[in-house]
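Residue-level listing of the chains:
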Amino acid sequence: MTVPLPVLLLLTSLVPAAVTFFLPQEAHRLRNALSLGGALLKVALIVAMLFAVAGGASYEAGLTPAPGLMLLLRIDALALLFVSLSAILWLLTTIYAIAYFGTKPQLSRFFGFFSLCVAATTGIALSGSLFTFFIFFELLTLSTWPLVAHKQDAPSLAAGRRYLLYAMPCSAALLWAIVWLESATGPVIFAAPTDFGTLAPNAQRAIFALLIVGMGMKAAIVPLHGWLPAAMAAPAPVSALLHAVAVVKAGAFGVIRVVHDVFGMDRMSELGLGLPLAALASVTILWGSVRALGQREIKKRLAYSTVSQVSYIVLGISLIGPFAVIGGLAHLIHQGLMKITLFFCAGIYDERAGVKRIEGLDGLGPRMPWTSTCFSLGALGMIGLPPMAGFVSKIYLGLGGLQSGAPWVLAVLAASTLLNAAYFLPLLYRLWFREPAPEVQGDERAPALVAPTVVAALGALGVGALAAAPVSPLAWATLLAERAWLP
Amino acid sequence: MNALVVLLTLPLGGALAAVAFPAGVARGAALAAAAGTVAAALAVASEVAAGAPPRIALGGWPPPLGIALAADGLSAALLVTTAAVMAAVLLAARHTMAAGLAGPRIAFGFWPLALMLWAALNAVFVSRDLFNLYVGIELLSLAAVGLVAIGGKPEALAAAMRYMLFALAGSLLYLAGVALIYAAHGALDIDLLASRRPSGTDALALALMTAGLTAKTALFPFHVWLPPAHAGAPAPASAMLSALVPKASFVILLRLWTEALPDEASPAALTLIGALGVAAVVWGSLGALAQSRVKLIVAYSTVAQIGYLFAVFPLLPLAQAAWSGVIFLALSHALAKAAMFLAVGQWMAAAGGDRLEELRGLAQAMPMSAFAFALAAVTLAGLPPSGGFLGKYMVMTAAFTAGQWVWALPMALGGLLAAAYLYRPLAALFAREGASVAAPSRARQAVPLALAGGGIALGLASAEPLALLANGQPPIQAVVR
Amino acid sequence: MTFVLDAVLCALILGVAAATIAGHGVFRAIVFFIVYGLLVAVGWVRLGAVDVALAEAAIGAGLTGVLFLAAYGRLGREGAGGDAPAPAHLPAAMAGLGVTCALGWAWSALPLPDRPGPQLAEALPMSGVENPVTAVLLNFRAWDTLLESVVLLAALTGLWMLTRDAAWGGRIGLPQHVRPDGVMAGFGRVLPPLGLLVGVYLVYIGADRPGGAFQGGTVLAAVGLVAALAGAVRPPRIGATRWRAALVAGPLVFLLAGLAGAALGAGFLTLPPQIAGAALFAIEVALAASIAVTLAFLVLGPPEETITR
Amino acid sequence: MTALTLYALTGAALIGLGLYGLIAARHLLRRIVAFNLLGSGLFLYLGAAGARGDGPDPVPQALIITGIVVALSASALAVGLLVAGARLSGRATLPEEAE
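Residue numbers (the numbering used here), protein chains in the order written: chain A, 1 to 487; chain B, 1 to 481; chain C, 1 to 309; chain D, 1 to 99.
In short, the hints are calculated from the structure, not lab data. Values in this document were obtained by computation on a predicted structure and should not be read as measured data. Be a bit skeptical, because a hint or two may be false.
To be verified - Quick partial rundown of chain D residues pointing at chain C, CB under 8 Å, derived from the structure:
| no. | residue |
| --- | --- |
| 1 | Ser40 |
| 2 | Asp57 |
| 3 | Val59 |
| 4 | Gln61 |
| 5 | Leu81 |
| 6 | Leu82 |
| 7 | Thr93 |
| 8 | Pro95 |
Claimed, not checked - Covered stretches of chain D, as calculated for chain C (at least 3 residues, CB under 8 Å):
| no. | segment |
| --- | --- |
| 9 | 6-18 |
| 10 | 30-38 |
| 11 | 63-72 |
What the hints assert, rightly or not - Covered, in the sense of this in silico footprint (three residues per stretch, anywhere, with C-beta under 8 Å from a C-beta of chain B), are these stretches of chain D:
| no. | segment |
| --- | --- |
| 12 | 41-48 |
| 13 | 83-92 |
We put the CB at the ideal spot given by N, CA and C, even for glycine.
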């Protein structure tokens, strides 16, 4: 019996999840081996597929549990873009998390749900139909909660409650939209154009709005973003998962699927849906940055930064033009690499130096040079300094704005860049140019924490500097855009 | 020997043995009968699935003289679910209802009452005769009342009394309807009634039967007896009462409205039932939110979940998916609710009570039963990939395809409310602090986990149950009067 | 003339029923109820349903009445015998009136349907008995009756669960204190042999004429009750094995007879005509014994005397 | 009006009376008595319906005998609950209806 590739890809995280739940706390080596093995296998599978898919191949696996219900997994270029990001970052986060937690309690539960989260994200990436997407999207919601509340103290439980408080109504909206849509169109398959049939234009608009509400909550689009800063109560690996590997990205990816594959570019313009979405994304970009300015806790500032940065992706998609789409898709990867670097660093500052607030960063640069260099690279990338990844994204987004006849996008980008600088540069200044406070001690004698951080930072640097290479995220995004616009 | 006959007689025989023999033997006989009944339920389901649904004219007398028994997809699905729940309940009870823990009185009474309840459920699920159904639900009600009272506390006795009054009034109203049916048609068989010459009195008969059965099912506004009764019984009894007992009267209602008298199902009447269902969803959920004892939360949740089942009624004549959807809701509720009560029973034994603050941190000591509760909560809130989700999805789709999206609202709203009221016990369990308690063994914790897993599996492997249900599914009414 | 008789009877029934519901005092309501039951039994004779009349008189009025009177006595001991005044209840009145009017209207709208009469006439000779009501109860609708015999058992099991734990294992019912030379004791010596005879007779003739397991069993239960109340016999302990066997004998024989039919290939609860008569008689005897014991235990109530262990 | 109609209407009236008593009464023993009245009225109605046409129909009679036995079983359990409850609470009413 041969297992179809998409299912195999799913199993690389599902099997470790299922087994890990039943492992005793003491089985550290077996548990670590399972997680690492699954992550490595997944990366290997993806690398093997990359070239085939670049050449136009796609893989499919379907299951119809009931008439009218279709579970469809399909690996196409867009799916591969997202799944490779999440797979590589999963590997890094796993190494980091093993070192971060050491022998702390409840690790089987943690790694079980962690792998389950990644399995759900893989499912989201590979979903070939809207219904399948929803199933995995909800699986992600549920498996994230125990991670957010992992510490089981009052702030963590409050964060978990807040997360569900946002997630549940929004997934109800999503389900409502899917049922409404599919009762008129039949199953929505991403690879095939959706036949909207008799649905009135306003009904279509309402469905679109509900879908965006459902996806936008995870993508932390204002005003559905409140859960994300609260969730910084969770341990650093969870933050990495929320901000880079899985959750927020899944939301953004969902928006891409809705715009790109459910409605399609032509219908988006026909119904006039692009502009409102772009405006919403712009508001989020600016609001997130403004709020980040006011935060004194490192992780909270980073969280608001994510709110802002993820909407770059949404902005790119909503502008409906090749350049903008390339910028948005590339930013999916770019932002992930940069933000995971920053959260890894924040975790190291906390663990090794006890620093949670930005005042504590004073003079840490020379004492923790590796960490601080990575942090600086990530921050500069976020600001958009050439040749970092963020620069590439912003250039394409700006060009896209012009191409789509929305020059105001340039103003949004400029304002955002200024704000990025305003909330990141003071941190760098403190790290490198302030005198250290005498009571703050810090060291980097934790290679398993530092190594993944360095790899992530190098990745963030590399995807920007080598954007012109044939297998860069930009190249992949260009490939996708070409397929969308060139028949 | 015919599997259907075994299914009906083995629990009866087990109950008789449990009355006649001393406690130790009685328990053994009960468990043996249970094992055989589970096998018989599976055998009947496989016969139905193979396209050869068993049908018996008892005594060789075909209706209208005799009573016909028949298993269709609906019966088979309920029989198997009931078997799963009962097996888990009796396994759990093997320990908690033993004389050493529960005292000799309960150790005597629990087993015959549980088996009589099971026998009654099986009888109701396959009977095609309206009066035989009356005797079946009477047996069910009396066994259920006995199980409510078994704890012996004053609140339990008051709850049992209140339950008794509703059950008595409900039976007689149902019987009044049956009397009118017989008086008008000279027949009690569902299939004969489906092809009857309509009489002007049929609407009244249907109204009386519906009123009686909704009182027994605890549909709003007849729900007041349910929460104290279900919360007051010992955990294994609560599991049966909440998960299974309401399904019997519900199935009779479903058969009346879709099989026996579908032509009497006027839109106005269906809308009224649907509206009561919606009220039950809202009222039960708000009630659950207001409770601070987890058993009451779970019991109020049953009020809300019963509301779901009736909120689907307006869609039944309009869309095929509504019928399968509502049965999926009923089946997954049975599995999830039984899992919840069994898990709560283990916590109560460990922590000494079921107030939310007493449960704080119990997930530490009992991770498996806590996980069981969480999975059951996923099912009740209708989140994927559970059977509860699939049922909800089918009903919502039916509502939209029928152009009646209002009836999709209670599904969406109810799921949110369920998530809200089930979050509180979950958060309490998951809290960090927690006294060290004596946790039951992993094997015992696995019992509720298996049930809750069944609720999830119903969604993951939905093809087989859906194919099963298609056997004998009543056609929808093409023309709505 | 007969119509006037019926009209008077109906008026009496309604009047006594109204007094039962609306009168003052619980005791009086019970007495009215017993009178009511006897009047309705007469009504059943007028309707030509002698089997039902016997059942109504024995069970509806007799045994139920004793049950209520005993309960009234016990409530008095608990200080709860006084009536709880109930204010006039408008919704209840509307519900009652509504159902009455609806059923009254329905009577005029009821069609006269084909009934299973021809099938019944055809099947009766093969049923093993000549009394059509017994044939329906024990053969054509035997499944109802089998379940019903378990209903009795369920009620008894449930009732026993109301025993205080301290009284579990004791003699069922209230501890009796009867003076050996009192009126009750006299009754206890005279009535039981007579009742026994009537009860056995009713069971025996049930196959051909009005009577049967339920009516006969009820009379036998009454015999036991009188004997117990008179102190002639002491009620058994709740755990007594022999009595428990008596409780399940009826349903068990019924069940086994049904299964024998299935095992012989005839089908569950199917009795081949040649042995149907004998089989039904065996079932009827066992059932009557179980019904008698169960009903007597139901009326006696759970054990009340605290056991000193 | 025929005699059968007379008995049927009496039955219908008994059902109404019984339902009223079942809902309105406070003392639980009275409620149980009302339940029996309601049941007996219902049987009368069914019996009258069965006696129409050519001779009495034995099927309803059998149903009624079954119904009478079921009613007694239920009454006995209800009475037991009432007595056991009164022993613990000193009341013969539901707790929420105690004055």
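Comparing the hints with the structure gives:
Evaluation of the Ser40 (chain D) hint against chain C yields a held restraint, the C-beta minimum of about 6 Å falling below 8 Å. Taking 8 Å as the C-beta cut-off, the interface hint given for Asp57 (chain D) holds, the closest approach to chain C being about 5 Å. The criterion of a C-beta within 8 Å of any C-beta in chain C is met by Val59 (chain D), whose closest approach is roughly 6 Å, and the hint holds. A least Cβ separation of about 5 Å between Gln61 (chain D) and chain C falls short of the 8 Å threshold, and the interface hint therefore holds.
Satisfaction of the interface hint for Leu81 (chain D) is found here, the shortest Cβ-Cβ separation to chain C being roughly 7 Å, below the 8 Å cut-off. The beta carbon of Leu82 (chain D) comes within 7 Å of a beta carbon in chain C, closer than 8 Å, and the hint placing it at the interface holds. About 5 Å separates the beta-carbon of Thr93 (chain D) from the nearest beta-carbon of chain C, less than 8 Å, and the hint is met. The restraint placing Pro95 (chain D) at the interface with chain C is violated, with a minimum CB-CB distance near 12 Å, outside the 8 Å limit.
Only residues whose beta carbon comes within less than 8 Å of a beta carbon in chain C count, and the segment 6-18 of chain D has 13; three or more means the coverage holds. Proximity of the segment 30-38 of chain D to chain C, defined as three or more residues with a beta carbon under 8 Å from a beta carbon of that chain, is established by the 6 residues found. Look at the segment 63-72 of chain D against chain C: 9 of its residues bring a Cβ nearer than 8 Å to a Cβ of that chain, three or more, so the hint holds. Only residues whose C-beta sits within less than 8 Å of a C-beta in chain B count toward coverage, and the segment 41-48 of chain D has 3 of them, enough to reach three; the restraint holds.
Counting residues of the segment 83-92 of chain D whose beta-carbon sits less than 8 Å from any beta-carbon of chain B gives 4, enough to reach three: the coverage restraint holds.
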